[in-house]
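Peer 1: With the hints as your guide, set chain V onto chain Y.
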Amino acid sequence: MSAAADTFPSTIEACDCLTRFGDADRTAEALLLGRIALSLLPVLGRDGGDSVPLALMGPIDETLPPRWLGVLSRFASRIPAGKWGAPREPVVVTSSNFGIGSLYAFTRDRDARHIAHGTPFASVELLRRELGWGTQVQVFSHACVSAHLGLAHAARLLHADLVDRVLVFSHDFVSPFVAAGFHSLKILNGGMPAPFSDREIGSIGLGDGAGFAVLTRGAGPIRIAAHAMHNEMFHFTSNRPDGDGFGACARAIAAAAGGRSVWVKGHGTGTLEAGRLEAVELARQFPGAPLVSWKGSLGHTLGSCGMVELAVTLAALRTGRVPGTVGATAPCFTDNVALEPFAAGAFDAVVLTSNAFGGAHAAMLLCHD
Amino acid sequence: MSDPTTTRLKSLIVTTLKLADIKPEDIPDDEPLIGSPRLGLDSIDALELVLVVEKEFGVKIGSSEESRQALGSVKALAAYLKAHQGNS
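Each protein sequence line maps, in turn, to chains Y and V.
First residue of the first sequence: 0, per numbering that gives the first Met the number 0; consecutive thereafter.
First residue of the second sequence: 0, per numbering that gives the first Met the number 0; consecutive thereafter.
Only chain Y is shown next, with the shape it has when bound in the complex:
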């Protein structure tokens, strides 16, 4: 069963991201050149451990103040002026891990100053004060679909005329705690990710990421026309083997796309089972539509991935060239996987998808005139 997509259009007034490569334009440029931001680094940072693919903006070990604060503070200077955090211009902060690295640092070093930044709301409050936002800051977290949920919530707020503009701000910085968690699941290992490639051993990479979007009401020239969300309720760490969790979300966003000519920015982390299910279901719902993933270069930026990849998509549309699936090689699970860059001009919309632990799926339809 598929729930219908939300079709509350919201105009993107501004959107940018920050990755290992830099802002959205630099990231798109690097992806077009096939550059890989990931490198093999010790999973536990200064404590060593196996080397795994990470794309970090600085050393993984947590600092005082937390390593993400200065980076985000500088990045936030790109946000258009506004009464951010005022009742009609709220901020929606989304993350998967917030300041969890600080809790790990406290456990490791027993320095109580880390605790102040460790919990989700404490980390957001620190950010709010640092960036001078008002008190209307809402927090969303649902693993790796967090950014999608924040954008969908913003569209609902705008549709209900509860607000005039919304700043959706997403970030996730990798910590030894998070890297070790994925490592213990054996999906973050010594191999570089090759999203949608049909091979013997899969692996993901992890990356630091941040992004923002300022949304306003209505259907402007660059707009998110629809959001689809679905939860399989099947299992915490695995998807329904028939792929219908992916299918349900894809069907809903395909119905909203209504026959538009689209390309698809998939989730594509580099795991084999989920990658196959995703590629097959997206090919079924969007026959002939090129499918790309950029996590083979940027790594999986976790809860921020939906925002980071939205910003990169917009940068690609500005240049007219869409980066291919960097890091992947043939054979792929399906024929629709685009390994090389292609022209954006042949399409009039983009479908962006993300998936998360717990069987959560999210997709949005980005339309442009």
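These aren't lab readings, by the way, just hints derived from the structure by calculation.
By construction, the Cβ of each residue, glycine as well, lies at the ideal position given by its N, Cα and C atoms.
Be a bit skeptical, because a hint or two may be false.
Reference listing, derived: stretches of chain V covered by chain Y, where coverage requires no fewer than 3 residues with Cβ under 8 Å from a Cβ of chain Y [to be verified]:
(1) 40–53
(2) 64–72
Here are the in silico distance ranges between beta carbons for each label pair [said to hold, decoys possible]:
(3) Y:R317 - V:S35: 47 to 57 Å
(4) Y:S72 - V:A82: 45 to 55 Å
(5) V:G34 - Y:A254: 33 to 43 Å
(6) V:A82 - Y:F356: 29 to 39 Å
(7) V:P3 - Y:L63: 47 to 57 Å
(8) V:T15 - Y:S38: 31 to 41 Å
(9) V:G39 - Y:S76: 15 to 25 Å
(10) Y:D347 - V:I43: 16 to 26 Å
(11) Y:H234 - V:K81: 25 to 35 Å
Not everything, but these chain Y residues come out facing chain V in the computed CB check (under 7 Å) [to be verified]:
(12) Q135
(13) Q137
(14) K185
(15) I186
(16) I200
(17) S237
Peer 2: Frame of chain Y, contents of chain V only:
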């Protein structure tokens, strides 16, 4: 006579996963460890089991695909350990 590795593995499975109603000798060598209605293990149990086995036997299981192969059964896990001990 049963293989000492399989005997040790069965004990580890019961104690690690706190299988109250199952004795080590009740676990057949060839029964799938994950998805078996008798054992009722899921992927979180698999994670726990892999971590304990790695520690106990000094073997690293490198990927989720290897993990799935190794956890095919007690017999498969014992064979995996024998093949990889000393390589880590």
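Peer 1: State for each hint whether it applies.
Peer 2: Hint by hint, here is what the structure shows:
no. : hint                       : verdict
1   : 40–53                      : holds (count 6)
2   : 64–72                      : holds (count 3)
3   : Y:R317 - V:S35: 47 to 57 Å : 54 Å, holds
4   : Y:S72 - V:A82: 45 to 55 Å  : 52 Å, holds
5   : V:G34 - Y:A254: 33 to 43 Å : 34 Å, holds
6   : V:A82 - Y:F356: 29 to 39 Å : 31 Å, holds
7   : V:P3 - Y:L63: 47 to 57 Å   : 51 Å, holds
8   : V:T15 - Y:S38: 31 to 41 Å  : 35 Å, holds
9   : V:G39 - Y:S76: 15 to 25 Å  : 54 Å, violated
10  : Y:D347 - V:I43: 16 to 26 Å : 44 Å, violated
11  : Y:H234 - V:K81: 25 to 35 Å : 31 Å, holds
12  : Q135                       : 38 Å, violated
13  : Q137                       : 31 Å, violated
14  : K185                       : 4 Å, holds
15  : I186                       : 5 Å, holds
16  : I200                       : 5 Å, holds
17  : S237                       : 6 Å, holds
Checked against the numbered hints listed earlier, the structure breaks hints 9, 10, 12, 13; every other hint is satisfied.
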